[in-house]
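Trainee: Chain by chain, the residues run as shown.
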Amino acid sequence: MVGNAELKPSARLAVLGLLLERPSWGYELVARFERSFGGPYEWSVTPTAIYQALRHLEQNGLIRLHPNDDEAEGEGEPSDFSQRSKRQRYRVSGEGARAMREWLAAPMPSSPSQEELLIRLRFRGADDETLRALLKRHAEVCLAELERIAAVPAHTRMERLVKEDRRLAVQARLSWIDFALAELRGPDDARIRPIER
Amino acid sequence: MSVLSLENVSKRFRRRHRELVALRNVSLEIGNGEVVCVSGGRSSGRSTLLRIAAGEEQPDEGRVRFVGTDLRAAPDALRKQIAFCNTRYLPAHGRDACEHVAMPLFAVSISRDEAAVRAHRALERVGAADIAFTPPAAWIPSEVVRISLARAIVREPRLLIFDEPTNGVDALERDPLLLLIQRIAHESGIATLLTAGDTASVTGADRVLRLSDGELLGRTAPAAAEVVALRPPAAGSAS
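Protein chains in written order, with my numbering: chain Z, 222 to 418; chain D, 168 to 406.
The hints are simulated quantities; they were obtained by calculation from the structure and are not laboratory data. The reader is advised that the hints may include incorrect statements.
To be verified - What the simulated footprint calls covered on chain D by chain Z, stretch by stretch (three residues with Cβ under 8 Å from a Cβ of chain Z suffice, anywhere in the stretch; the number is not a length):
| # | region |
| --- | --- |
| 1 | 217-228 |
| 2 | 356-369 |
| 3 | 374-380 |
Backbone N, C-alpha and C define an ideal beta-carbon position, used for all residues, glycine too.
Next up, chain Z with everything else stripped away, as it sits in the complex (with noise of 0.2 Å):
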């Protein structure tokens, strides 16, 4: 097992959930990362971890190459699993996609991360009101951290920058929650028809 300890969970999920929309060449998938949920700044995923959650997967049997690419490539099917990856499209197997469905049937821990929250946005892992009760609990995780921020002493001017850079980064995440509420009391782009010509 390669790398699997510095492997954040929610990166195979998000992974896991994109090639489930369709399969996906390795870079593909990458630019499709970004697309979905950001840089690799937001989730500190660069395209090495997306590579290593794509070795993981695959390890697992929850992804396998797809049939199509598999029978292109022939016997000169390099083995080198970094060379495959860059050219080979993946799909999710049986047990891949029953393990994600399986993943968004299951309640949420008490305070997920905002990764897991994506996650979920992204894919529909739940109707509004669960969202909206999974996004009111998360407000109530970043309300108690603020409140312990509030209550640090900062005496010297780091200590105040520190604290200044914490409080700051939380209250985002609120105002983010904020919209994310008010999103979900209006209507799903779904519902929303395209202005006819």
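Since the structure of chain Z is provided, determine the placement of chain D on it from the hints.
Mentor: Chain D alone, transformed into the frame defined by chain Z:
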């Protein structure tokens, strides 16, 4: 018993053909000496919440109690124990800070001298003794906050409501002001309800709540331990 208690308060406004929901089923309890900060974006319902908590506006549904009495039926003497500060619309009464702070006492039957003494004491507590004789036009934003605070505490209120105390105040002066409000609240056992804009500092708040689209999120009631910890005011106790 809570000093302020809101039970399932809802408030709607009609704007032309739209109905805006300012507060959705909001419940909130604030105990003696507790500082509660409600943060939220622009149209989150913060100001509506404050006006309702101060008894300046009636909720469509739900109940507001101040030290156990329904605010609608509260006698004037009780209502006077609620101090409402809003530095944005500060009416600058008086020639100088001292007179401005003493003004609420003129309605009470005490002598002018006594009022001036109390005003001075209040200005000392907020660290504004040195500007006691400056005219309103000379006050900078952080001084306005200190003077407003002095004016609010001069009547020894049970409940202090302060709308965005750090609005317009220089970045480095905000946290000291908020800590000052907290210290006074703890020392004098004044239940304090503050609001903070989206990204405003929440330093000095014992509880931080969030109004999101009219819904109040966070710890809406104090934990039992906090109620005991904030029992006022043992002599010389400071937090």
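Trainee: Now look at each hint and say whether the structure bears it out.
Mentor: Tested hints:
no., hint, in the structure
1, 217-228, "violated (count 0)"
2, 356-369, "holds (count 4)"
3, 374-380, "holds (count 6)"
Of the numbered hints stated above, the single one contradicted by the structure is hint 1.
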